[in-house]
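Trainee: Those protein sequences? They're chains A and B, same order as listed. Position one of the first sequence corresponds to residue 1 (the numbering used here), numbered consecutively onward. Position one of the second sequence corresponds to residue 161 (the numbering used here), numbered consecutively onward.
By construction, these hints were calculated from the structure, which means they are not laboratory data. Incorrect hints may appear among the rest.
[Said to hold, decoys possible] Mimicking BS3-like on lysine-lysine, the simulated pairs with C-alpha atoms at most 25 Å apart in a straight line are:
| hint | chain 1 | residue 1 | chain 2 | residue 2 |
| --- | --- | --- | --- | --- |
| 1 | A | K35 | B | K741 |
| 2 | A | K35 | B | K630 |
| 3 | B | K604 | B | K741 |
| 4 | B | K195 | B | K169 |
| 5 | B | K601 | B | K385 |
| 6 | B | K490 | A | K105 |
| 7 | B | K512 | A | K133 |
| 8 | A | K157 | B | K253 |
| 9 | B | K182 | B | K170 |
| 10 | A | K135 | A | K111 |
| 11 | B | K676 | B | K718 |
| 12 | B | K210 | B | K169 |
| 13 | A | K157 | A | K111 |
| 14 | B | K385 | B | K512 |
| 15 | A | K35 | B | K623 |
| 16 | B | K623 | A | K157 |
| 17 | B | K276 | B | K253 |
| 18 | A | K135 | B | K276 |
[Unchecked claim] Which residues of chain B face chain A? A partial, calculated answer using Cβ under 7 Å:
| hint | residue |
| --- | --- |
| 19 | A237 |
| 20 | A282 |
| 21 | L285 |
| 22 | C289 |
| 23 | R304 |
| 24 | G378 |
| 25 | T379 |
| 26 | R514 |
| 27 | T515 |
| 28 | L548 |
| 29 | L552 |
| 30 | A622 |
| 31 | Q629 |
Glycine is no exception: its CB is placed at the ideal position from the N, C-alpha and C atoms.
If you want the building blocks of each chain, they are given just below.
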Amino acid sequence: MWHKLCLNKTIIQNKRIKYTTITWKHGGIMNQERKIRVLIAKPGLDGHERGARVVAYGLRDAGFEVIYTGLRQSPGQICSAAIQEDVNVIGLSILSGAHLSLTNKLMDCLKTQEAEDIMVLVGGIIPAVDINKLKEMGVAGVFTSGTSVSEIAQFIKENV
Amino acid sequence: MNDQLEDIKKARNNWQETILNKRVQRFNLKKSPTKFYTPADIESHSFLEKVGFPGEYPFTAGNNPFDFWRAYAEDAAKIGYRPDWGGAGGVGKYGGFGTAEDYRDYLKRMHAMNRKGGPNIAFDLATQCGLDSDSEMAEGEIGRVGVAIDSFQDFQTIYEPYTGELEIDKVPSNFTINAPAAIIIAMYVILAEKRGIPLTSLKGTPQNDILKEFIARGTYIYPPKESLRLFRDTCKFCTQNLPQLNINSIGGYHIREAGATREQDLAFSMSNGIAYLQAGIDAGLSIDEFAPQFSFNAFGGSMQIYHEIAFQRAARRIWAGIVRDRFGAKNKRSMMIRQPITAHIGCISTTKQRTINNLPRAVIGGIAAGMSGGIPGAFPPFDEPLGLGHSLEAVQLQLDATRIMIYEAGVADINDPWAGSYFMENLTDEIESAARSEMDKIEKMGGAIHAIESGYMTRAIAKSAYERQKRIENQEDFVVGVNCFNSENEIDVTINRVVETTYDPELMETAEIRQKEKLARLKRERDNTTVLSLLNTLRNHAADESINLMPDICECVKNDVTLQEICDVFRDVFGEAQPVKL
Numbered sequence: 001m002w003h004k005l006c007l008n009k010t011i012i013q014n015k016r017i018k019y020t021t022i023t024w025k026h027g028g029i030m031n032q033e034r035k036i037r038v039l040i041a042k043p044g045l046d047g048h049e050r051g052a053r054v055v056a057y058g059l060r061d062a063g064f065e066v067i068y069t070g071l072r073q074s075p076g077q078i079c080s081a082a083i084q085e086d087v088n089v090i091g092l093s094i095l096s097g098a099h100l101s102l103t104n105k106l107m108d109c110l111k112t113q114e115a116e117d118i119m120v121l122v123g124g125i126i127p128a129v130d131i132n133k134l135k136e137m138g139v140a141g142v143f144t145s146g147t148s149v150s151e152i153a154q155f156i157k158e159n160v
Numbered sequence: 161m162n163d164q165l166e167d168i169k170k171a172r173n174n175w176q177e178t179i180l181n182k183r184v185q186r187f188n189l190k191k192s193p194t195k196f197y198t199p200a201d202i203e204s205h206s207f208l209e210k211v212g213f214p215g216e217y218p219f220t221a222g223n224n225p226f227d228f229w230r231a232y233a234e235d236a237a238k239i240g241y242r243p244d245w246g247g248a249g250g251v252g253k254y255g256g257f258g259t260a261e262d263y264r265d266y267l268k269r270m271h272a273m274n275r276k277g278g279p280n281i282a283f284d285l286a287t288q289c290g291l292d293s294d295s296e297m298a299e300g301e302i303g304r305v306g307v308a309i310d311s312f313q314d315f316q317t318i319y320e321p322y323t324g325e326l327e328i329d330k331v332p333s334n335f336t337i338n339a340p341a342a343i344i345i346a347m348y349v350i351l352a353e354k355r356g357i358p359l360t361s362l363k364g365t366p367q368n369d370i371l372k373e374f375i376a377r378g379t380y381i382y383p384p385k386e387s388l389r390l391f392r393d394t395c396k397f398c399t400q401n402l403p404q405l406n407i408n409s410i411g412g413y414h415i416r417e418a419g420a421t422r423e424q425d426l427a428f429s430m431s432n433g434i435a436y437l438q439a440g441i442d443a444g445l446s447i448d449e450f451a452p453q454f455s456f457n458a459f460g461g462s463m464q465i466y467h468e469i470a471f472q473r474a475a476r477r478i479w480a481g482i483v484r485d486r487f488g489a490k491n492k493r494s495m496m497i498r499q500p501i502t503a504h505i506g507c508i509s510t511t512k513q514r515t516i517n518n519l520p521r522a523v524i525g526g527i528a529a530g531m532s533g534g535i536p537g538a539f540p541p542f543d544e545p546l547g548l549g550h551s552l553e554a555v556q557l558q559l560d561a562t563r564i565m566i567y568e569a570g571v572a573d574i575n576d577p578w579a580g581s582y583f584m585e586n587l588t589d590e591i592e593s594a595a596r597s598e599m600d601k602i603e604k605m606g607g608a609i610h611a612i613e614s615g616y617m618t619r620a621i622a623k624s625a626y627e628r629q630k631r632i633e634n635q636e637d638f639v640v641g642v643n644c645f646n647s648e649n650e651i652d653v654t655i656n657r658v659v660e661t662t663y664d665p666e667l668m669e670t671a672e673i674r675q676k677e678k679l680a681r682l683k684r685e686r687d688n689t690t691v692l693s694l695l696n697t698l699r700n701h702a703a704d705e706s707i708n709l710m711p712d713i714c715e716c717v718k719n720d721v722t723l724q725e726i727c728d729v730f731r732d733v734f735g736e737a738q739p740v741k742l
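Isolated chain A, as found in the complex (with noise of 0.2 Å):
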């Protein structure tokens, strides 16, 4: 699986990301290029798609690999799409309040599945009090309403 490896990688020009060399845990090398793969979800029963989607196009513009969950996923086929598409980022949109909870389970799983280095970023409508709790779980950065899409994907470049 993509989240074992060991990735070496450097950014250049053109907003391409470019892995140099990838070694497998086993020492094997080998040369690949690769986009870093970025899995928009809905978790929960919240329909609210437009930012999802918006922020889906804006990043695949970005130059990333982008896979949308589509409405209505629970944690746990969350968890497995990322693992089964090899993504690097895992973007939950939730506008339904319901982001503590389903935010949590998530993180349960990407651990179950020892899958934790899948970067995890939330959106929608947070109160600012619970942008701490998110982090508290482990995810990297929290985007409310009003952020632009170029800001998460500068930050998923630079963090990834």
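Chain A is fixed; fit chain B onto it per the hints.
Mentor: Here is chain B on its own, set in the frame of chain A:
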């Protein structure tokens, strides 16, 4: 007249060359940043055909010479009437949380404060998606964004305070429910039956607008075609049994909020409307039997004040044309867009940054509303994007801004004040024609159902939303305090965030457990043999497209079959809608 037009055209060209172009050159611009309109811009305009009188076809100038609220506006001022508290036969504030018991107690508290509007129920997401509170998918969502309804028992509990002067034949109800609308209507029917209230006296509005859920709000369950069958069944059932109930509340603003352009918003909601009208006709009803009970939620929503006014005028004209010419209606009420509000800015126009800026934004929406035949409502309260409930201060400012527009500025004293404006008539025509060409495109695809099934509508508005986002990020569109005029040294404007105690957070926290216990008890104690047999009949009837399912759903509801059990039968028979890919 023609000579005069020729003179105007000549004069216009002359003005453009000698005055306008010079100025454009002087400021080193490519084109003029402003526009000026003349009679030549509405050359073939016919007042009677395109505008007409308020309350007359094509209703461009408004549904009525004046509305109910305007007739009694002065009286309302004298008694300090609060529209959001209901009373005078109106619904109360949109709300709902926790279990039915929690929400019932909240309503009782409201009644004690003389806020006696009919129940305007927000359902939690599990209920909206046809899931019971014990469903794994619903974990964490129970009682969050609305009240949890698993069975008729829950529904009945909410109505406990509605007796006597608040009996259900005296106050209307509002149900923001779509995919399971048939089940909620059935619950209302059974409630009336148990109370001995004739169905003919029931008033209210179920949202029952499933098609826009596929495009915008996302609480769909079954595929579009099968969803429309359930709409058809409710449409016929309500027409024949609940003549005072609105059949639906068609939404355009949800579609706009989800990213649609003005033209997409208008075209998609009108195309959905056509599909609903056709469903009624296909059920064997005549247009004037049921179309008068169609209602609308709201259309539009943007900061572009002129365009939003033109949009409302165009929407009324298009709908009236569709219902009269395509469906052959004769009744005026069939042709009207009956909606609680007209123009508005849309919550999407509010910004979290410099939150108080949303107040002037909302006032601009209110002016547009007052100038397009509606209450000049300064909606929403400025703290809307903070997402923690509206503060007392924000609500008061919203109400007062509205009152200032009504009573001090007289914004709503003139019907269609822009009628006859060269500019406004031109813009109304332009929006109408752009919407009509998009409607034609949908028609060629086979109508709304096909345009939804193929994912066309969903993708089209997602792309529009992204285009808008790019324009903001590239500073092609300006949003004050977001992409311009902001600085490192933002001043910290203190906002009063005192929110009226409404929903007890502790109850909210424990709602899921309590609701699950209640549901387990219900499933244990009810007559499960009857439940199974009713579900079996429901399944057989669902498989036969010609059968109206409402009587079966009513029977299920009466015997404590749960919401999800009914929906699961339909899931089996109808299948489930598939999400639209990027």
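Trainee: Double-check R304 of chain B for me: the hint is only fine if its C-beta lies closer than 7 Å to a C-beta in chain A.
Mentor: Status holds, d = 5 Å.
Trainee: Take a quick look at whether K35 of chain A and K630 of chain B sit within 25 Å of each other, Cα to Cα.
Mentor: holds (22 Å)
Trainee: If you draw a straight line from the CA of K601 of chain B to the CA of K385 of chain B, is it 25 Å or shorter?
Mentor: Cα-Cα ~19 Å, so holds.
Trainee: Can A282 of chain B be said to touch chain A, with a Cβ gap under 7 Å?
Mentor: Result: violated, 12 Å to nearest chain A Cβ.
Trainee: Double-check Q629 of chain B for me: the hint is only fine if its C-beta lies closer than 7 Å to a C-beta in chain A.
Mentor: holds (5 Å)
Trainee: With a cut-off of 25 Å on the C-alpha distance, tell me whether K210 of chain B and K169 of chain B pass.
Mentor: holds (23 Å)
Trainee: Take a quick look at whether K35 of chain A and K623 of chain B sit within 25 Å of each other, Cα to Cα.
Mentor: With a Cα-Cα distance of about 23 Å, the restraint between K35 of chain A and K623 of chain B holds, given a limit of 25 Å.
Trainee: Is K490 of chain B within 25 Å of K105 of chain A, Cα to Cα?
Mentor: violated (57 Å)
Trainee: How about A237 of chain B: closest beta carbon in chain A under 7 Å, or not?
Mentor: violated (36 Å)
Trainee: Does the alpha-carbon distance linking K512 of chain B and K133 of chain A stay inside the 25 Å limit?
Mentor: holds (21 Å)
Trainee: Is it true that the CA of K135 of chain A sits at most 25 Å from the CA of K111 of chain A?
Mentor: holds (15 Å)
Trainee: Is the interface hint satisfied for G378 of chain B? The criterion is a beta-carbon contact with chain A at less than 7 Å.
Mentor: holds (2 Å)
When each numbered hint is compared with the structure, violations occur for hints 6, 8, 14, 18, 19, 20, 26, 27 and 29.
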